[in-house]
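Colleague: As given, the protein sequences belong to chains A and B, one line each in that order.
First residue of the first sequence? That's 1 in the numbering used here, and the numbers climb one at a time after it.
First residue of the second sequence? That's 1 in the numbering used here, and the numbers climb one at a time after it.
Hints should not be assumed to be uniformly reliable.
Stated by the list, open to error - DSS-like cross-link-like pairs, simulated, lysine-lysine; straight-line CA separation at most 25 Å: (1) B:K5 / B:K70; (2) B:K66 / A:K319; (3) A:K365 / A:K415; (4) B:K57 / A:K415; (5) A:K45 / B:K5.
What the hints assert, rightly or not - Far from chain B by the CB rule (all over 10 Å, computed), these chain A residues: (6) G210; (7) D256; (8) I277; (9) G362; (10) D391.
The set of hints was computed from the structure by calculation and includes no laboratory data.
Backbone N, C-alpha and C define an ideal beta-carbon position, used for all residues, glycine too.
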Amino acid sequence: MKKTLFDKVWDSHVVHSIEKGPDVLFIDRHMIHEVTSPVAFLGLKQRGIGVMYPERTFATADHNTPTINQHLPVKDPLSANQLKALEENSREYGISYWGLGHEKNGIVHVVGPEYGITQPGATIVCGDSHTSTHGAFGAIAFGIGTSEVEMVLASQCIMQPKPKKMRINITGSLSKAVTPKDVALFIISQLTTSGATGYFVEYAGEVFEGMTMEGRMTVCNLSIEMGARGGMIAPDEKTFDYIKGREFTPKGASWDKAMAYWETLHTDAGAVFDKEITFDGSQIEPMITYGTNPGMGMGISNDIPKAEAVEGGVATYKKSLQYMDFHEGDSMLGKKIDFVFVGSCTNGRIEDFRAFTSMVKGRKKADHVTAWLVPGSHKVERAIKEEGLLDILHQAGFELREPGCSACLAMNEDKIPPGKYAVSTSNRNFEGRQGPGARTLLASPLVAAAAAITGKVTDPRELMELETV
Amino acid sequence: MAYDKFNILTSTAVPLPIENVDTDQIIPARFLKATERKGFGDNLFRDWRYHPDGTPKTEFPLNDQKYTGKILVGGKNFGSGSSREHAAWAVYDYGFRCVVSSFFADIFRGNCLNIGVLPVQVSPEFLQKIFQAIEADPTTVLEVNLPDQTITLLSSGAQERFDINDYKKGNMLNGFDDIDYLLNIKQQIGDFAQDTPL
Ligand code: SF4
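Pulled out of the complex, with its shape left as it was, chain A reads as follows (with noise of 0.2 Å):
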């Protein structure tokens, strides 16, 4: 039979499939945070049980952890009683564990593809939903909920029904100034937050071919937010350069063994997807959101759309708008902004902090906004700093803070204040995502860094022509 990679990959993890009811699946790598691990823990102890298969599972603290002075205790009491109650489960049952300050230490789905954590061919569960991030290697990754982390940690297994396969293809080349963020804020503003609900996605077409690594894990972040559980990409030359001689990668006759089967991962000609798109690359333009939910995005030049043109409730998408303060028919462009924020799982990677900088090099932050640069993982801080990217971000007036989720869910102190505007390379723009009150505008790195530098929404494009001028 004709398999799409999605089976490939399901099927080979299926231990045994309970008839009208889920598979049970078997986890090859578990990731776990601070947050959604705690009660899990406790649910272990309260049955009494331990943790099956401690080395499959990759400890990490992110979510909460201050973005300053990591060197000095957390000052917030609960923070710091989670991040102390993850250590101490961690050393408990054996689980590798890069706390604060550890130098492998940052956002959980930024580390787990650093380390070689994250396998084509392999199916990763993580407490987070971003946890599709690590589809871009062709793994099946998603996220689970707190039982399902006791699940996993008690039988390296989870209970899943089979979702449905879809199959997105972008054709065609990209035009300038449009990166993969742009891609995926596109499709989800095509399919809406719910498009892709019950479905696992597959990205395939010219653009995601040409798409690196980094590109790959931006858009197969952002599966999540038009419904899907997950998206992965087939794993290609790109896949095998990256990963290959990282800690956790296999190495000499198990990599040879290891590649024989990663190079049959691909959807066979003729397999028959539960639902296909098509877009033609060359019509993304670079996007913006303006409204409360990931999908509410646009070409940055266009108008907020009128009620009665979008699909769904007028009465939420009218509390939408007024909660961000935002009219039909209003122009994005040249709105001011307050903050900007570059980092997250979604947009926090080295390649995203060089776009950055590349655009706002030989120029200077706009004096009333605050910029907060967070890398992803003490690795992308380095490679900052050995760039010499940082020199050129001090001389364009910004600073960079230390690793961590921050922002992007604001359980830190970096919160954007009440009514205040944020351009952010996160995922989410959820009223109060980012902080009480916060009205959160979604962007790539370089919409982000148009805006920290004229202090105002500003095509990117616009400041790429002066430069060649």
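Chain A is fixed; fit chain B with the ligand onto it per the hints.
Modeller: Quick look at chain B with the ligand alone, frame taken from chain A:
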């Protein structure tokens, strides 16, 4: 953990006719700092329920005394966003045992099932009927019958069937959870793991 058994729930309902209610609204991230599963109900819909100074927003349905009950009825695409099970815990801890919507986000639905909150997906038309009935009379009673997989507006008798897979249904009826099941097949999992290198 094993949880309360679910059989037939007969209750009034609290309406929340808003679409795309995301998990950041259900429980904002700043309340996720506990290391135990306790007290989340107080912060359910925190920023919709309270002003920044802590006074309740009277117009929000949960603060409106005319709405009570163990059933929460939400608009389309309920529970989108993060995987935080805390959202389901908050719903449960507040006192809801069932959430009704015309469409659920995947992870939220799964999380609910794992902790004993029954997600009931109805047609958009039936959802409107429920909202209208509650608006006309907040004491409207709904019956959610898990064995029969039906939801009924008792006042009018209007009824619809809902889907749930047999395995999960059995779990809900008996108060079992997945870990009980998985621990029972540990040997089989162990054999599988042997053939699956790290
Ligand atoms: S950066 Fe944001 S989305 Fe990513 S893991 Fe952290 S909180 Fe979740």
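Colleague: Each of the hints needs a verdict: does it hold here or not?
Modeller: Results for each hint:
no.	hint	verdict
1	B:K5 / B:K70	holds (14 Å)
2	B:K66 / A:K319	holds (23 Å)
3	A:K365 / A:K415	holds (20 Å)
4	B:K57 / A:K415	holds (23 Å)
5	A:K45 / B:K5	holds (23 Å)
6	G210	holds (30 Å)
7	D256	holds (13 Å)
8	I277	holds (19 Å)
9	G362	holds (37 Å)
10	D391	holds (34 Å)
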